[in-house]
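S.K.: Sequence:
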Amino acid sequence: MKLAFALILSLFCEKILEVWHKAGKQEEYVKRGEIVYTLKPQHAKYVPDANSIQLSPSEKDLYNVKVNSLGEAPKAVTFSSAKWCMLEASQFSDKFTVHFDKEGNFFHADYHPGAHGCQEEAQVTNVEFNTSIDLVKPHHELRYMRPDMFVSAWLRVTEEELKQKENAEYSNFFTKYWYIIVPVVLVLLVGGGDPPKEGEGNGGR
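Heads up: the sequence shown runs through residues -18 to -1, 1 to 187, numbered per mature numbering (1 follows the signal peptide of the UniProt record, and there is no 0).
Hints should not be assumed to be uniformly reliable.
Using 16 Å as the maximum straight-line C-alpha spacing, the simulated EDC-like pairs for lysine to aspartate or glutamate come out as follows [what the hints assert, rightly or not]:
| # | residue 1 | residue 2 |
| --- | --- | --- |
| 1 | K(-4) | E16 |
| 2 | K65 | E41 |
| 3 | K22 | E85 |
| 4 | K48 | E10 |
| 5 | K48 | E102 |
| 6 | K57 | D83 |
| 7 | K65 | E85 |
| 8 | K13 | E41 |
| 9 | K57 | E9 |
| 10 | K48 | D76 |
| 11 | K(-4) | D76 |
| 12 | K77 | D43 |
| 13 | K77 | D92 |
| 14 | K77 | E(-1) |
| 15 | K65 | E102 |
| 16 | K13 | E(-1) |
| 17 | K7 | D43 |
| 18 | K119 | E85 |
| 19 | K27 | E70 |
| 20 | K22 | D43 |
| 21 | K65 | D83 |
| 22 | K42 | D83 |
| 23 | K27 | D83 |
| 24 | K27 | E16 |
Just so you know, the hints here were simulated from the structure itself, not pulled from any lab data.
Keep in mind the model is a prediction, meaning the values are calculated, not measured.
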């Protein structure tokens, strides 16, 4: 009961994911902002970090993003990347698609720049992200099949296949030899009968 209550409460509580990024020759990730969300009702927003360091890579560099959960043990971490020139082409519009399990725990985030390609002369001096968030939960519970359940299911399928194979063999045999089987059966049915009783067929004395 306590576990169920805690699960329901966690769905209504506001949670935070940290967003980090780096680009070009930069070695360490720096904090870009946070994704603040609730699952009941489903709502999310992106909050940029006021102290975030401005990045200035070349257009051919990769832009790398890291998203991790906050306050959960162990932390869930996911990484994504895109070409910096795609961000410039989209005027730094991007989207995070955040995935959760049925308990509402974060386990993955997809990153999508607003543009699908690069454009010439798309240089932008002031980097201000216009970020949207999508929250995704599974509609159906993923069920785990134990090894013994798998073996039982496999045996049932095997038995059904054997029965179908036997029926097919019998059907093929009759189809192949019907012209022999039918006359033999007719002879047995027509010519067969009870043998004459003793004394029958002989004249009386």
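S.K.: With reference to the structure, classify each hint as holding or not holding.
M.R.: Structure-based check of each hint:
1. K(-4) / E16: holds (10 Å)
2. K65 / E41: holds (7 Å)
3. K22 / E85: Answer holds: K22 to E85 is near 12 Å, not above 16 Å.
4. K48 / E10: Holds: K48 and E10 sit about 11 Å apart, inside 16 Å.
5. K48 / E102: With Cα atoms ~28 Å apart, K48 and E102 exceed 16 Å; violated.
6. K57 / D83: Holds - the C-alpha atoms of D83 and K57 are around 14 Å apart, at most 16 Å.
7. K65 / E85: Given pair K65, E85 is violated - Cα atoms ~34 Å apart, limit 16 Å.
8. K13 / E41: Distance ~21 Å between K13 and E41 Cα, so the pair is violated.
9. K57 / E9: With a Cα-Cα distance of about 22 Å, the restraint between K57 and E9 is violated, given a limit of 16 Å.
10. K48 / D76: Holds - the C-alpha atoms of D76 and K48 are around 14 Å apart, at most 16 Å.
11. K(-4) / D76: Not OK: K(-4) and D76 at ~21 Å, beyond 16 Å, violated.
12. K77 / D43: The hint is violated at about 19 Å.
13. K77 / D92: The hint holds at about 8 Å.
14. K77 / E(-1): holds (15 Å)
15. K65 / E102: OK: K65 and E102 at ~14 Å, within 16 Å.
16. K13 / E(-1): holds (7 Å)
17. K7 / D43: Answer holds: K7 to D43 is near 8 Å, not above 16 Å.
18. K119 / E85: At roughly 9 Å apart (the allowed maximum being 16 Å), E85 and K119 satisfy the hint.
19. K27 / E70: violated (22 Å)
20. K22 / D43: Violated - the C-alpha atoms of D43 and K22 are around 39 Å apart, more than 16 Å.
21. K65 / D83: violated (29 Å)
22. K42 / D83: This hinted pair is violated, its Cα atoms lying about 36 Å apart.
23. K27 / D83: Answer violated: K27 to D83 is near 20 Å, above 16 Å.
24. K27 / E16: holds (8 Å)
Hint compliance for this structure: hints 5, 7, 8, 9, 11, 12, 19, 20, 21, 22 and 23 are not met, and every other hint is.
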